Structures are given as structure tokens and as C-alpha cells.
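Generate coordinates for the entire structure from the input sequences, incorporating the hints supplied.
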Amino acid sequence: MPKRLLLVDDELELLQALKVRLSAAGFLCETAQNGQVALDRLSREPLPDLIVLDLLMPEVSGYEVSRRLQASERWSQIPLLVLTAVPERTLEQAAPLWLGAVAVLHKPFDSSILVAKVRQLLKLDPTTDA
Amino acid sequence: MTVPVRVLLFEDDEGQGILARDALVKEGFAVEIAHTGRQGLERLFTEEFAVYLIDKQLPDIAGIEVLQRIRTIKPHAICIIVTGHGDEAAAVEAMKLGAADYVVKSPSMGHLAALPIVIREGLDRVRLRGEREQLQTELWEHARLLEERNAELRRANEELKRLDQLKTDLVSMVSHELRTPLATIKEFTAILADQLGGPLTASQQEFLGIIKGNVDRLSRIIDDLLDMAKIEAGRVLLHKGFIEVRPLVDQVIASMRPMAESKQVAIRVELPPELSAAFADGDKIAQVLLNLLSNAVKYTDGPGTVSIRVQEHTDTVQFDVTDTGTGIAREDVPKLFQKFQQFQRLPGASGSKGTGLGLAISKRLIELHGGKIWAASEPGRGSTFSFTLPKYHVEEVFREFLHNGIERAKRNHAPLSVIVFSIQNFQELKNLYGLEDMSLLLRDAEAVIREAIRRQAGDVVVRWQRGEMIVILAEVGHEAAQVIADRMLRAVAGREFHAGGKIVRLSLSTGFATYPDDAVTEDELLAVTEKRVQQGVKPRTRIMVIDDEPKIRRFLQEALELREYDVLTAANGPDAIERLKSQPADLILLDVMMPVLNGYEVYHLLKETPSTRRIPVIMVTGQGERKDRELGMDGANYHYVAKPFQLEDLLAKVQEVLQQAAAGAQT
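Those protein sequence lines, which keep their order, are chains A and B. So that you can map any letter, position 46 of the first sequence is 46 in our numbering, and since no number is skipped, the others follow by simple counting. So that you can map any letter, position 92 of the second sequence is 222 in our numbering, and since no number is skipped, the others follow by simple counting.
Hint data in this document are derived by calculation from the structure and do not stem from the laboratory. Nothing here was measured: the structure is a model prediction, and the numbers come from that model. Treat the hints with care, since some could be wrong.
[As the list claims (entries may be wrong)] Below, a list of computed lysine to any residue pairs in the SDA-like style, where the Cα atoms sit at most 20 Å apart:
(1) K19(A) to E177(B)
(2) K342(B) to S112(A)
(3) K204(B) to E177(B)
(4) K19(A) to I315(B)
(5) K117(A) to K204(B)
(6) K342(B) to V20(A)
(7) K342(B) to E13(A)
(8) K469(B) to V366(B)
(9) K19(A) to G327(B)
(10) K19(A) to T319(B)
(11) K342(B) to V115(A)
(12) K226(B) to R199(B)
(13) K117(A) to D324(B)
(14) K19(A) to L322(B)
(15) K19(A) to T310(B)
(16) K19(A) to T314(B)
(17) K19(A) to P311(B)
(18) K19(A) to D324(B)
(19) K342(B) to Q16(A)
Rendered as C-alpha cells:
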């Protein structure tokens, strides 16, 4: 059974790239173009096995999504991989807001590292298909 | 010749007027006479006079009135009032109204001689006043200009600060805005290159490789720009700690190895076998080292060699990165560490371009550490880039630890304790055994202390010079600190330390202070600790009781412990000696009547064993048992208490012997 990923980013083209890359790696990818869409999607079954989340998004930001995930017993179980173009220092200051994240990748990232991180968070054998 | 000073004389009496004029003309003045007030005042508008000599009694207008009108029209005019004899009061009033001076007519005409003098004085006064006013005006002007200049500078400074902030914000924002599309470009390039979008021809793959290389370069430039902006805005804080140089160098080399190998550039390392840990921000130093090493590899065409050498000097650790590349033109060497100075490597160099910021960033980072960075190059033979880091000072390290500790404690609302552990006789021992032995001893003591606090996360700092160890324990409150301090004291007190091949007795003391109970600032916390160390918790005197009778052992132990002695017990001599090896005592109470080895035999054994030889012994004998000669105790230096004894007598004896021993140790 392939693992389900929810990809959240307001940059539609990057979102598309993420979907192509992670689908090719064998994951079942759903996309959300902002925080609200992501939260709406999470109210439905089946829940994703992992969420890839951009931080800076208009209206409902990644910070807010992260906070809501942490507050929910069910959602807080889902591993969270944060993508960000925010400079590190600013990120440190905002750290308490996204403490729920288990990994952070800085844009622009290496796609091989992205795939490896996702596999690692899902505790998948790095050599086999998802 | 100077132009004569013009005087207008107001005088109705023609004879007096002529006399006065003649007196003045003789002295070089040019004099005109007005016979009435009106006549004189009219001339005011058509002619210039320096001095007005006004008779108080004029037929039409009073002299005082004339004075006032002149002063109104020509505020700076010098007016001198000539009054009649006995009318000084009027003269004084005239002065109040602005007359420069007055002359009193004398019937003998003697005042005529005074006129030129008074006029000259008046002129001088006016000139001086003018000069003074001029000076004052200039001064005010200067002050005003200065103030203006200051205000301008302040404005400029604020503007600069604002611009600087703006620049940092801008760089930070721009870097974010740039990274986002870059991420998309990079991702799609990778998708194409990995042929997820369909198969590619060889040249298409090559072109994609070029795109990828430039995307990477662009992202490096953005990183560097952001770094530089942060450094320039003073926003880079160093997170200093002890760093091991060797693993750091290895790690940097490992990340450069693939590129070096592909260019057939060998990387050589020269590290001294023993290298003390550096106190620096490991990430930042790795960044600098990586920058230098990657430059060296980049600008060296294989086959070639890049070497990293680390040397320890008295006050610094020096890192050199040397390449066998093409070198840098002599005139470019001084410009290397400036911003946006693209390396003008000599012809023959290959490899991708840098960002023009790497070395400028490295320079700033090294300078933040208090070190220096420089380069030397020989065109055609290669370059060496070097930097130094100052060796750490214990105090600096300690302060850094404490500072960070307190900051963390504040953030986490957790306590923190500082425990100082001091060897109070360190100075004496150092004089006796030398620094080298003592530093070995301290190292041993440090190991014991680290062992004693092993369950707590703590920073241990050793102040070699003072024979002190400081332990900073996070999340340890007042009571826990007390327990740990005691544990440390016991652990060290219970251990044998050697110096100069001898067992050394350490006189120990501890003190501690807890944040936030005792103090909330670093300085106060230290002050409290120091004070407590000096008051010192004197280590207890330890007494070994050797008796085969358990009841007596327990009785003596309880009695002695009530008097604040530390008590060890043993049922026989060999056991006692074994225990004394790990826990030295200050005094031994030895029962004579024991099976297997009696007290005298044990006594000899104690005196033959190096670790117990010096401990004073009190023998507890039965009545009339003291037969030294028969027992081989002749001349032996021991004390005794005869059974049955009063407890008080025994305790008095114990005290007496300890005092003697202490006195003996001091001579």
C-alpha cells in the first residue's frame, strides 16, 4: 500500500514539481495550495501519512497549520516536514510556532534529500520503493 | 598717515568751542563744532563722526536729550558729556543713558588737556568692546555651526542605521523572494535531468547540468549575501564551545574530497599530534575553513596538492591552507578580503566563479573570534591563506558557559547552580611539588569530580592557577546543589592523590550559589560562590577505629561522630590497612587486645605500610599493659589511653594528638 502524502504550498509550480518528484518516488500525493485547503482536507479520511508544509502562505499560514496540527490528538501524530525559504535566523525566532515539525528543508533544496527525508520520516527502507 | 578721527563738538559758547577744538586738533583729531543741539543733530544724517562731545548745557535741546537722540540714531557712537563743575550727578545719569564717559569743565580750562585722553580711552573701549563682541559673535557662530553639524551627523547616522536596517531587511526579503522561484527552477531541472519528463539526449543532459550548476551558484550567492548582511548588521552571534580541531578539519576535508579527486588534487593534512581544544564557534570556523579549502581546490589544476596545516603558538592556533595553484597577482593580494572582489586568478585557473563574498565573510567571522586572516601568494607557484584563533582563556570560557547557562535557565524558568571546588593548600603544594605534578593532580581530581557529577549535565571549568574547579549545573536547585557539593567533597576527600611520588593531603573547600535563589546575575552569582568557598566547609577530620569488638567499635563511632569526626572502622589490622589505602585517615585509634594480630603487631604493620606510615596512632591499652621494651615498642612514637577510660579523656587525647600532628605538618 503506497504511503499518502499531503503537499501544501502556495507556489503552484513548486507544488507541481513536488508532486511529480514524490509520485515518481512511489508516493500517493495530494496537494493543497494554502493552509485552509490543507486543514479542510485533513477533516476527511483517510489521513495522510506525512505532510510536507510550506511556512509562508497567505491567509492560513504554515505556522497556523502547524499549530492546529499540534493541538489535535489525531493530527499531531502525522509527521511534519517543513519547507521554507525563510532565513534561518527568522526561523529560529519563530521556532515555538512550528515545534511540531520533525524536519526542516530550506529552499532551494536538493530533491534527492527531500525524497530521503520523506522516506526517513516514514521509516521506509531507503533502498526500496515506497 | 591715518585718517584723523572726526569729532563733533556740541558747544554753544564760541570761545570755549574754539579752545576745545584747538586742544583736540593739536592731538590729531578733526573737529567740527555745532552751536546748537539741532544744528549738530542735522549733521548726523549727512556726515560720519566717531566721537560726539556734548556740552550738557545747550540753548535749544538739553545735552542729555541730544545724547539720547544720537544713541537712537547711531547706537555705536561714542558720546562724551561735558558738564559744569559740581554737576557730577548729571554725568552719572548720562553714563546710564549710554555716554561713554564724561568730562567736568574746570574754570581754569584744565579739562581741555583731559579731552583727548578721554576721547582716546573711549575709542579704545569701543574698539575693545567691538573686538570682544566680534569674538563672541564668532564663538556663537562656531557653536551654532557645530550644533548644526552635530545635528546633521546625527541625522546622517540615523539615516545610515535606517538604511543599514533596510538593507538587511531587504536582503533578507529579497533572498526569500529569490529562493522561492529558485526552488521551482531547481526542482524542475532535477526532474528533467532524472528523465521523469521523458528521455533526454546526451547534449540535453549536458545543458541541464549547466543550468543546475548555475542555479546552485545563484543559491550560494544568496546565502553569502544574507550572511554578509547579517554580519554587517551585527546580527551574527557566536556560539562558542570547546571544539576539537582534528574532527573539524576531517569533516571539512571530507566534504571537499569528491571535487578534489575529480580534479586530481591531493589534500594533505599536517596536524600536531597533541592539539588542545579550541574555544570557538565550530560551525563558523568550519565555514571559514571550507571557504579557504574550496578556493584552494577550485584554483588548483591537477595534478596538484592542497594542504591544511595547523600549528599551536603561545597565544594562538594558526591554520594555513596552501595550494599549488596559479597564484594571485601581487597587486590583487591586498584586495582579496574586500567585498565583491572577484578573484583575479592568474591565467590557467579553471573552475566556477565564486560569489565574491566568501573571503570577506571569512574575514569578518575570524575577526569576530578575535583572530586574524591573511594571504600570501607567489604567482605561478600557489597561495597560502592563513588565519589564527586566539587560544582560550579559562575565564572567558567560564564566563561564556555561565552566561549561556543563565540565559538558558531564564528561558526555561529553571534553576542553575555554580559549585566551586577549591584546593585551598594548592599554592603551598605547588611550591612544594611544582606546577607539572600539580597539574597532573588537578587532572586526576577533575576526573573524580566529573565522575561524581556524572548524572548531571554540567560544564566543568578548571582554573589551574588557583587550584579550583568550577562546575556549572543546569536545572540543579539549591538543595540538589548542596547534595552534589557534598558528594564531590567526599569523592575527592576519599581519594589518594600523588605528587612527587608522595601521597598528598588536599585541604578542600566547596561553595555554591544557585540561580535564582542566591543571585540572578553572573557577577553576583560568582561573588556569592567565592564568599562561600572562602568561608569554606572544612573537610572533617577522619578517624579510623580498629577494634575486634563490634560493640566498642559502634560505641566509639557514635561518640566520635557526635563530635563531628568522620569515622572509619575495621575489625582487624589488615582490613584497616586495606581501607586506609582508598580512604586516608588523620588518626588511628588502635585496640591492643585483638586476636590474630594484636595492637602492637598492627602498629608495626601500619608503620611499615607507606600509605599509613604518617598517620598518628593512639593505642587503647588495658591497665598496666604498657611494656614497650618487651613488645618492641621501645622508642616508638605513639600515644595511648588506658582502659577503662572516661570518654572525655579519650576525646581530649584525640584532640591533642590531632593538634600535634597539625603543628608537626606545618614545620
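Each hint tested on the structure:
no.: 1; hint: K19(A) to E177(B); in the structure: violated, 101 Å
no.: 2; hint: K342(B) to S112(A); in the structure: holds, 14 Å
no.: 3; hint: K204(B) to E177(B); in the structure: holds, 12 Å
no.: 4; hint: K19(A) to I315(B); in the structure: holds, 14 Å
no.: 5; hint: K117(A) to K204(B); in the structure: violated, 94 Å
no.: 6; hint: K342(B) to V20(A); in the structure: holds, 18 Å
no.: 7; hint: K342(B) to E13(A); in the structure: holds, 18 Å
no.: 8; hint: K469(B) to V366(B); in the structure: holds, 17 Å
no.: 9; hint: K19(A) to G327(B); in the structure: holds, 13 Å
no.: 10; hint: K19(A) to T319(B); in the structure: holds, 14 Å
no.: 11; hint: K342(B) to V115(A); in the structure: holds, 18 Å
no.: 12; hint: K226(B) to R199(B); in the structure: holds, 14 Å
no.: 13; hint: K117(A) to D324(B); in the structure: holds, 18 Å
no.: 14; hint: K19(A) to L322(B); in the structure: holds, 14 Å
no.: 15; hint: K19(A) to T310(B); in the structure: holds, 16 Å
no.: 16; hint: K19(A) to T314(B); in the structure: holds, 12 Å
no.: 17; hint: K19(A) to P311(B); in the structure: holds, 16 Å
no.: 18; hint: K19(A) to D324(B); in the structure: holds, 15 Å
no.: 19; hint: K342(B) to Q16(A); in the structure: holds, 19 Å
The structure fails to meet hints 1 and 5 from the earlier list, while all remaining hints are met.
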